[in-house]
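Novice: Protein chains in written order, with our numbering: chain A, 3 to 611; chain B, 2 to 91.
One thing to keep in mind: the hints can contain errors.
[What the hints assert, rightly or not] Below, simulated SDA-like cross-link-like pairs (lysine to any residue); rule was C-alpha separation at most 20 angstroms, straight line:
1) A/K198 / B/Q43
2) A/K202 / B/T28
3) A/K202 / B/G45
These are computed hints drawn from the structure, not numbers from a lab.
Below, each chain spelled out in residue letters.
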Amino acid sequence: MRRVLLLGSPNSGKSSLFNRLTGLSQRVANYPGITVDVASGPMVSLTDTELVDFPGTYSLEPISGEEAIAVSFLNEALADDNVCHVLCVADATRLEKCLHFILQVIRECQRHQKPVTILANMSDVIRDNQLQFDPIGLSEALGVPVISVSARESQGFEPLVECLRDGASPSMTTVRNWRESPNEILRGTAQQLAAKFSPKGDVLINSQLRLDRFFLSTALGGLAFFAIMFLFFQSIFTWSAPVMDAVESLVSSLGQAVVPLIPNKIIADFVADALFGGVGAFLVFVPQIFVLTLVIGIMEDSGYLARAALICHRPLRVFGLTGKSFIPLLSGVACAIPAIYAARSVDSPRQRMMTYLAIPLMPCSARLPVYALLIATFIPGDTVLFGLVGWQGLALFAIYFFGMLVALLVTGFVSKASKNKQSEQPFVLELPPYRLPTAKPLLRNAWNRCQQFVTQAGKIILAVTMVVWVLGYFPNSGADLGQSWLGTLGHFVEPVFAPLGLDWRYGIAILTSFLAREVFVGTLGTIFGIEGSEENMLPLVDHIQASGLPLGSGVALLVFFAVALQCVSTVVILAREGSTRLALSMLLSYLVGAYLLSLLVFQIVSVLF
Amino acid sequence: MKNASVAKALWDLRPGEAATVTGFGDTLSVSYQGRVMEFGFQPGARVRCLLNPGFGAPRVYGISNSVFSLDREIATAVFVAVNNPVEASA
Ligand SMILES: Nc1nc2c(ncn2[C@@H]2O[C@H](COP(=O)(O)OP(=O)(O)O)[C@@H](O)[C@H]2O)c(=O)[nH]1
Ligand SMILES: [Mg+2]
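Generate coordinates for the entire structure from the input sequences, incorporating the hints supplied.
Specialist: Next comes the structure, spelled out in structure tokens:
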């Protein structure tokens, strides 16, 4: 298959173009450097051609790990015979920051004898603001074709497709040779070209500046930041509650309808306990993951995240991090895996290491089912302020805050203990214009994330609940869980968890949660499903309340889950992106820390209440 | 005999003030100097300080239609010349 590379500086609209041209839903974000993985797909109008979306870089002289990866990918790809064309996306309204990169790309393509075409994106903004832009002049100056396009409005795609179909570039009046030009020459040329061809004036800045005056002002900006973060956490819990309730009642009524139809008692028990009890308990939390991904997406796409990174830079530096750590950390609230990849955009190796230390302590969405379950068990579901703010949401805010606090304390401590001023890098970040988020890609992205979550985590949960069910059901057909194989195993590990006031059932659930945290919920669901009588398939919360779990143990569990690194995938990715030593020492120290902290909390709460 | 312009560091510009980039200090590593030049902070370019969020936070600078935030470390190592207002209006 023929391949076409799509390159461009961050925020030039590369992913939007990719989505338009392939019909796929690559993640679009208004934050510099969000594409950290390479996506590819066949083009809609040229089905024999595969388009490859590269990570965005400002230059082929990398300063961050992310850029270094992009550059090495590019060198590999340019040597590939299947690659027949290179498209370089530029933001036509901000040519001055793209031109140096464009020239570097043209040079590399000429060295590898690949045709290259410049896509001057955002032609809709040029038109709406009556800016002057001369693609023909630019094309002559560069010696390669320049096509004006708008990813937002799908404008200018016909000449592009034609250009790709014909293979060779359309006849150029001038063909300039950049092959031997060193970077200094390119830089000087870029400046001259920018002066000549960049749309004049700064009308675009002024509208952006009005909003920045508010969001970056000392007092109001800080307030806005906390308000946005507060709404963020409330939305995850309070706003997704109705959908979660709907899923819960759907699962249980489905179970009640299906189970009586199964003639075989063992299979019926299996379906009721493992499928509806275990997997069903976890499905309830999918709406929250949807809302979480959606809200982060809205913040990214609107351009606010870059401002948040700026606001957080100084405070985060105190703890050995940088403003650029904010994006990985916030992504860590969804899932540690993309967050670890996103940390590539932190240019300083040392600050990247600190970011790695912090990411697994961020309250990821796999903890959410566990938190939600425990909070629902102990905290009443009342709301105030017309249902917008609830006690459960506040409790979630508190436990989330706790995780982040621990993260900062850890990085602060480690960075103080290994002080080394040399390796700290300065902070420079592009502030993209504020844009109205487009609903469709955001919704599709949230939907994809849920699907991923259900299929990936769902598989593990299904497997684990099946094993747990078999161990718990036999040898006595579910008559007495305490005498089952699972019970025997549980009593064996019980001494470890007894100091936290947890009985062996919770011990087993914690053990299985080291595969993935949310398995905890599935395992408990299965265990209580076996224990409970068949007629009443109670929600798991009611089971736990009925089991008389003390408040101290509940809080200790929350603390344990906030700190421990119970996720096989995170450990693997940490080892790959960082080092095996880092991953293993984090696994061990966070486990010991989690146990000791939860022990302490259990003692304190037990004395107080 | 009259000073045509006042030399300053980028960091010293007040919000709203514009200047022309003249050069770089040697506290800035070569790779970061390259990066800010690629962003458009080249000798001769017009920059404007747009915002100062305060509390030592990175400040916001505009070059034609692009906006960047630079922290103290970088912005004190970028030298600029502010045109004398008398000279400018002449
Ligand atoms: N007005 C306008 N906005 C665009 C266009 N293309 C992309 N954008 C917006 O620019 C931002 C960055 O786009 P993205 O595709 O993520 O850029 P990337 O970083 O180069 O992959 C997003 O907010 C897009 O909605 C366009 O042609 N016109
Ligand atoms: Mg992208």
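Novice: Taking the hints in turn, state whether each one holds.
Specialist: Comparing the hints with the structure gives:
For the proposed pair A/K198 and B/Q43, the alpha carbon gap of about 15 angstroms is at most 20 angstroms, so the pair holds. Pair hint A/K202 plus B/T28 does not hold up; C-alpha atoms about 32 angstroms apart against a cutoff of 20 angstroms. Among the hinted pairs, A/K202 with B/G45 is consistent with the structure: their alpha-carbon atoms are about 16 angstroms apart, no more than 20 angstroms.
Hint 2 from the earlier list is the only one contradicted by this structure; the remaining hints agree with it.
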